[in-house]
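Colleague: Fit chains Y and X to the supplied structure of chain D, relying on the hints for placement.
So you can see what is in the structure, the chains are spelled out below.
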Amino acid sequence: MGFAHVIRQLVSDRSALLGLVLVLLVVLAALLAPLISTHPEAVWDMSPANRLKPPSREWLLGTDRMGADIYSRVIYGARITLIIAFVAVGAALLIGVPIGLWAGWHEFWVGEALMRVSDVFLAVPQIVLAIAIAQTLGPSIENVILALSITYWPWFARLVYAEVRSLKHETFIEAAIALGVPKRRIVVQHVLPNVLSPIIVRTSIGMGFTILTAAALGFLGLGAPPPAPEWGRMISESREFLPEAWWYALAPGLAIFAVVMGFNLLGDGLRDVLDPRLRRAHDR
Amino acid sequence: MLSRWCSRPGPWCSRPGQLSRRAVLPFFSLLALAAGLGLAPAGAAAQARFVFANESDYDTVDPHASFDVGRVAVRLNLYDGLMRWQDNPARLEPWIAESHSISSDGKTYTFKMRKGVKFHDGSEVKAADVVYSLERILALGKGAAALFKSMIEPGKAKAIDENTVAFELSKPSAIFLSIVPEIHIVNAALVKKNEVNGDWGAAWLSKNDAGSGAYKLKQFDPAIGFVGERFAAHFKGWGAKYLDEIEFRAVKDTNTRVLGLMKGDFNGIGGYLQTDQLKRIEASGNAKVLDAESMRVMMMQFNTTRAPLNDVDVRRALNYVFDYDGFNKNILGGLVERNPTPLPNTIWGNPKDVTGYSFDLDKAKAELAKAASKIDRPLEIHFLTGFAQSEQAAQLFQNGLQKIGVQSKVIGTPWPTIVERFSKPETTPDISVYWISTYYADPHNWIGEMFHSSGAGTFKNAHHYKNPKVDALLDKAVQTTDQAARAKLYEEATRLVVADAPGLWIYNTKWYGPYSKKLQGIVFCPIGNAQEMRTAYYE
Amino acid sequence: MRILALIGKRLLWFVPTAAGLIAVVFFISRVIPADPAALLAGETASREAIEALRVKLGLDRPLLVQLLDYYRQLLKGDLGTSLFTTRPVAEDLLARLPATIELTLAAMLMAIAVGIPLGVVSATRRNSLLDHGVRIATVAGLAMASFWLALVLQLVFAMDLGWLPLQGRIAGFPPPAVTGFMTLDALIAGRFDRFASAIAHLLLPAMTLAVPALATVVRFTRAGVLDTLEKPFVTYQDAIGIPRALIVWKYVLRNALTSTITQIGLLFGILLAGAVVIETVFQWPGIGTYAFEAILQSDYAAVMGFTVYAGGIFMIANLLVDIAHASIDPRGGHA
Numbered sequence: 001m002g003f004a005h006v007i008r009q010l011v012s013d014r015s016a017l018l019g020l021v022l023v024l025l026v027v028l029a030a031l032l033a034p035l036i037s038t039h040p041e042a043v044w045d046m047s048p049a050n051r052l053k054p055p056s057r058e059w060l061l062g063t064d065r066m067g068a069d070i071y072s073r074v075i076y077g078a079r080i081t082l083i084i085a086f087v088a089v090g091a092a093l094l095i096g097v098p099i100g101l102w103a104g105w106h107e108f109w110v111g112e113a114l115m116r117v118s119d120v121f122l123a124v125p126q127i128v129l130a131i132a133i134a135q136t137l138g139p140s141i142e143n144v145i146l147a148l149s150i151t152y153w154p155w156f157a158r159l160v161y162a163e164v165r166s167l168k169h170e171t172f173i174e175a176a177i178a179l180g181v182p183k184r185r186i187v188v189q190h191v192l193p194n195v196l197s198p199i200i201v202r203t204s205i206g207m208g209f210t211i212l213t214a215a216a217l218g219f220l221g222l223g224a225p226p227p228a229p230e231w232g233r234m235i236s237e238s239r240e241f242l243p244e245a246w247w248y249a250l251a252p253g254l255a256i257f258a259v260v261m262g263f264n265l266l267g268d269g270l271r272d273v274l275d276p277r278l279r280r281a282h283d284r
Numbered sequence: 001m002l003s004r005w006c007s008r009p010g011p012w013c014s015r016p017g018q019l020s021r022r023a024v025l026p027f028f029s030l031l032a033l034a035a036g037l038g039l040a041p042a043g044a045a046a047q048a049r050f051v052f053a054n055e056s057d058y059d060t061v062d063p064h065a066s067f068d069v070g071r072v073a074v075r076l077n078l079y080d081g082l083m084r085w086q087d088n089p090a091r092l093e094p095w096i097a098e099s100h101s102i103s104s105d106g107k108t109y110t111f112k113m114r115k116g117v118k119f120h121d122g123s124e125v126k127a128a129d130v131v132y133s134l135e136r137i138l139a140l141g142k143g144a145a146a147l148f149k150s151m152i153e154p155g156k157a158k159a160i161d162e163n164t165v166a167f168e169l170s171k172p173s174a175i176f177l178s179i180v181p182e183i184h185i186v187n188a189a190l191v192k193k194n195e196v197n198g199d200w201g202a203a204w205l206s207k208n209d210a211g212s213g214a215y216k217l218k219q220f221d222p223a224i225g226f227v228g229e230r231f232a233a234h235f236k237g238w239g240a241k242y243l244d245e246i247e248f249r250a251v252k253d254t255n256t257r258v259l260g261l262m263k264g265d266f267n268g269i270g271g272y273l274q275t276d277q278l279k280r281i282e283a284s285g286n287a288k289v290l291d292a293e294s295m296r297v298m299m300m301q302f303n304t305t306r307a308p309l310n311d312v313d314v315r316r317a318l319n320y321v322f323d324y325d326g327f328n329k330n331i332l333g334g335l336v337e338r339n340p341t342p343l344p345n346t347i348w349g350n351p352k353d354v355t356g357y358s359f360d361l362d363k364a365k366a367e368l369a370k371a372a373s374k375i376d377r378p379l380e381i382h383f384l385t386g387f388a389q390s391e392q393a394a395q396l397f398q399n400g401l402q403k404i405g406v407q408s409k410v411i412g413t414p415w416p417t418i419v420e421r422f423s424k425p426e427t428t429p430d431i432s433v434y435w436i437s438t439y440y441a442d443p444h445n446w447i448g449e450m451f452h453s454s455g456a457g458t459f460k461n462a463h464h465y466k467n468p469k470v471d472a473l474l475d476k477a478v479q480t481t482d483q484a485a486r487a488k489l490y491e492e493a494t495r496l497v498v499a500d501a502p503g504l505w506i507y508n509t510k511w512y513g514p515y516s517k518k519l520q521g522i523v524f525c526p527i528g529n530a531q532e533m534r535t536a537y538y539e
Numbered sequence: 001m002r003i004l005a006l007i008g009k010r011l012l013w014f015v016p017t018a019a020g021l022i023a024v025v026f027f028i029s030r031v032i033p034a035d036p037a038a039l040l041a042g043e044t045a046s047r048e049a050i051e052a053l054r055v056k057l058g059l060d061r062p063l064l065v066q067l068l069d070y071y072r073q074l075l076k077g078d079l080g081t082s083l084f085t086t087r088p089v090a091e092d093l094l095a096r097l098p099a100t101i102e103l104t105l106a107a108m109l110m111a112i113a114v115g116i117p118l119g120v121v122s123a124t125r126r127n128s129l130l131d132h133g134v135r136i137a138t139v140a141g142l143a144m145a146s147f148w149l150a151l152v153l154q155l156v157f158a159m160d161l162g163w164l165p166l167q168g169r170i171a172g173f174p175p176p177a178v179t180g181f182m183t184l185d186a187l188i189a190g191r192f193d194r195f196a197s198a199i200a201h202l203l204l205p206a207m208t209l210a211v212p213a214l215a216t217v218v219r220f221t222r223a224g225v226l227d228t229l230e231k232p233f234v235t236y237q238d239a240i241g242i243p244r245a246l247i248v249w250k251y252v253l254r255n256a257l258t259s260t261i262t263q264i265g266l267l268f269g270i271l272l273a274g275a276v277v278i279e280t281v282f283q284w285p286g287i288g289t290y291a292f293e294a295i296l297q298s299d300y301a302a303v304m305g306f307t308v309y310a311g312g313i314f315m316i317a318n319l320l321v322d323i324a325h326a327s328i329d330p331r332g333g334h335a
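Chains as they are written, first to last, in this note's numbering: chain D, 1 to 284; chain Y, 1 to 539; chain X, 1 to 335.
The reader is advised that the hints may include incorrect statements.
Unchecked claim - Quick partial rundown of chain X residues pointing at chain D, CB under 7 Å, derived from the structure:
(1) Phe27
(2) Ile28
(3) Ala143
(4) Ala145
(5) Ile295
(6) Thr307
(7) Ala310
(8) Gly311
(9) Met315
What the hints assert, rightly or not - In silico lysine-lysine, DSSO-like type, Cα no more than 30 Å apart, as pairs:
(10) Y:Lys207 - X:Lys76
(11) D:Lys53 - Y:Lys279
(12) Y:Lys374 - Y:Lys352
(13) Y:Lys171 - Y:Lys158
(14) Y:Lys149 - D:Lys53
(15) Y:Lys192 - Y:Lys149
(16) Y:Lys288 - D:Lys53
(17) Y:Lys352 - Y:Lys476
(18) Y:Lys207 - Y:Lys192
(19) D:Lys53 - Y:Lys510
(20) Y:Lys329 - D:Lys53
(21) D:Lys53 - Y:Lys252
(22) Y:Lys409 - Y:Lys466
(23) D:Lys53 - Y:Lys409
(24) Y:Lys279 - Y:Lys263
(25) D:Lys53 - Y:Lys192
(26) X:Lys9 - D:Lys168
(27) Y:Lys236 - Y:Lys518
(28) Y:Lys107 - Y:Lys156
Bear in mind the hints are in silico, worked out from the structure with no lab data behind them.
Bear in mind the structure is a predicted one, so any value in this text is a computation, not a measurement.
Glycine included, each C-beta is placed from N, C-alpha and C at the ideal position.
Just chain D, with the same shape it has in the complex:
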């Protein structure tokens, strides 16, 4: 199944296409932030005199409590959100996938022990441990990423472990072993490609999930510190000014909604294309 084929399939599925478009829009907004924002200085500069202005031609989505333009801040906020999501999920992949592969293939006690460690992490809701870690380390983007990757790798480890365990007893793998193909080559050439699909699907869903958790950390005051335009914290700031400043939470909330929805739709679409086995069980 080639890359072009996957894309073609995705584009033909309307909801997956919508997901793809939403994700691309947010990525573009993040990349082109300096060009499309109307007040690029709003990321750090404040003008108390313009505090809490409603949406207008000057401030498309109104201003916040420090007199900064919310539209520009939301655009720049996309950078923070995407960096957190990509790095955290990427790190979780880099930790989780090798551990899952290794433990699933070798069935050695160290691998088993690592899987038990991942069980420990899966035994508590992610947000609970993430809050504890983020609070311990202090609020910063790096620490949010650390907290999220530490708590998310077990998902990948578990997934890959289960896939590898069942693959090991498939005929073609057993045949390869019997033929004396080096184990490393079997794992890289035969096992990995076969677990790739569920990993990709899980990654897309995980992006959405991670963005929500990161936003929740920001909302609780454990995310990127001010003046970083972090969406969760913008929503938390707005609480004090409701109902007068109704516009304050609107844009960051919709931004989170759009990007998470994008990744979820894309994930669903990818599952349909890459993993038809799962399709029936979940949705159509």
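Modeller: Then chains Y and X, alone, in the frame of chain D:
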């Protein structure tokens, strides 16, 4: 409605606030009848009830366990002291004491007490109760204990006779009288009866009342708040109109408090509100906003022990960087007044001619150019987690710093954590943004505790500032009894401190009290934040 | 027998997993830079007093010794004393657990009561306008930040319309605690005004919490019904003239709910996790707000107690799901 109806035990109610099972059936028929006739149950309107929504918890009702504004309602309404701070500007008034005298060496304070003052259980308030109360404060070591410990040792309070009590201080102190109101008198016999393993009744008193105050504790739940009912025999007597019952409830969210007041669920609310919220309250027609000059200074404290903030030119530069008007007038909507020194504008001892620093980036750059040390690292600005105002001030300051090319990090730190960090110069943040409120109305509460080198590391002193001249002035001031002479000393100390810029002073709070329209007789005092309800009533 | 073996195997893993969890949380919470002793001693305490208290609390000993001590305490059912409330953590959590369970159950009830019928209708009218609407709504429900949804609901129902209270669990003092569930206690006390107040306070947080759960229930019910509708027995029943409605709501639904039921078990755990954030927004006095405040106050005994609790409930929920799955679906092992 029902709770009022059932507020006293009787044939209908097995316990206050709870219907007995026997009462349920007839109650329904009555309710149906009342509903049918369009009548409210009789007797409901007779009681004047006041509900206050407070911004913080009432985790204890032990008067010796707290020394903060958040829980002041417990101390002022359920308990009495020998003296009490009243009115605005705050005056120290004799309360359970009739008079007092100070020995010529300034070390012995003798109080003559009123006779016939009754505790809530009917027994009389005696000198021995005062002695026990001070011993209890010193033994428990909470609330105002640290202040008392710096002046008096255990066993140095004595009952001369039934109604005379004397305190022998370790050294003369001009501020002892100012904190005498914090010796809230507990019923010694009652507390002793409830002592467990020599805990000074701590477990029991955290949930029960042993006071003589204008209201006695009726109900308490640490998760909700407390209810007090009028103590008719209170020694101060009552006016023609009064509140029969007062309820203080913790409601942490500002919006809930504001909406509740506008709907009439609450009759008074606490906390410092935003301009828009005050406007909304005044427009509602249901409520009004009282205001008064107060004494609570918002400031930034610099850690003066570390480079670059050990350099006076850098500190002065920082003082020119904060947009005072932008903060006070725009962000806070002009609810506060610029306060250029560490002392509140409204207290004696404050040099009126000192105008302090202004927002001027050019001057800031000039000062920075003069400075011997260069700022070669990001400064850490810590604000108090959960206090939006301190966060906004930190952000605005960061913004100003960035404009003169100084990098900084804004970090939220919870109150207990930051207080712990203050204890050592190495862990004290570069810059901490918070307030110093009125714990007692004396300049020592601010400049004395904030800048004397012996106080370094306490919650009031994150400067770790050491200036022998200032120390000498403050030492002299605390041992002088004449107020005019003390005022001079504090003025001089304040001038020195402002010139040395170990901090940055932003505003003095004005107090805004949102209340139900019909409520009258609220008396504001900076120490009690108008939460003493003895004089309040409905029109 | 298979089920018993499964339970046995799961229980066997329960202990080391729980022990590992406690160790992880213990080390995380003990690195928090604030000093619990300073907090307990009070804001005006001297440095010497703080040191003395640190020794008294055993905070000066090596971490490993403290961890072993903690295990020993746990075996006695003692979760330590909260530094902030100065009460036993087990007692605090027990006092606050009913609030969280009441909220979670209410949310679950909403999700099931609305989700299952919606899923069935959506499946039977596949690709209709309604079906598309429901599918979009479920995807949206899973993509919304719960705290943002909470704000929107507060803005509309509490601030603008003024129909429901903004926060809290009941107005004023609660009825005498019997079950700990505010609604039930109000009824037991015969206080219908308090009951109404409790319900009104429950609605918004439960709604917020229910939305993602609702989306999941709808998705699984819909998929289950679609699968079952293709089975031969449906075609047969259709052919012999059993009314379509009866087929769908009785026979098909019963068959289709297998996967939904296991999902509901899992949901309970997920809802408990969601409660941490939602409770904070609504100032709901459950274990979620307790945990959040404990973290802010560096109250490590309370943080650990909460995590042990949450982990325990989560693990038990998973165990029950496995058992339910195994007994409903005798064909295969657990997923």
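Colleague: So which of the earlier hints does this model not fit?
Modeller: 1, 12, 14 and 25
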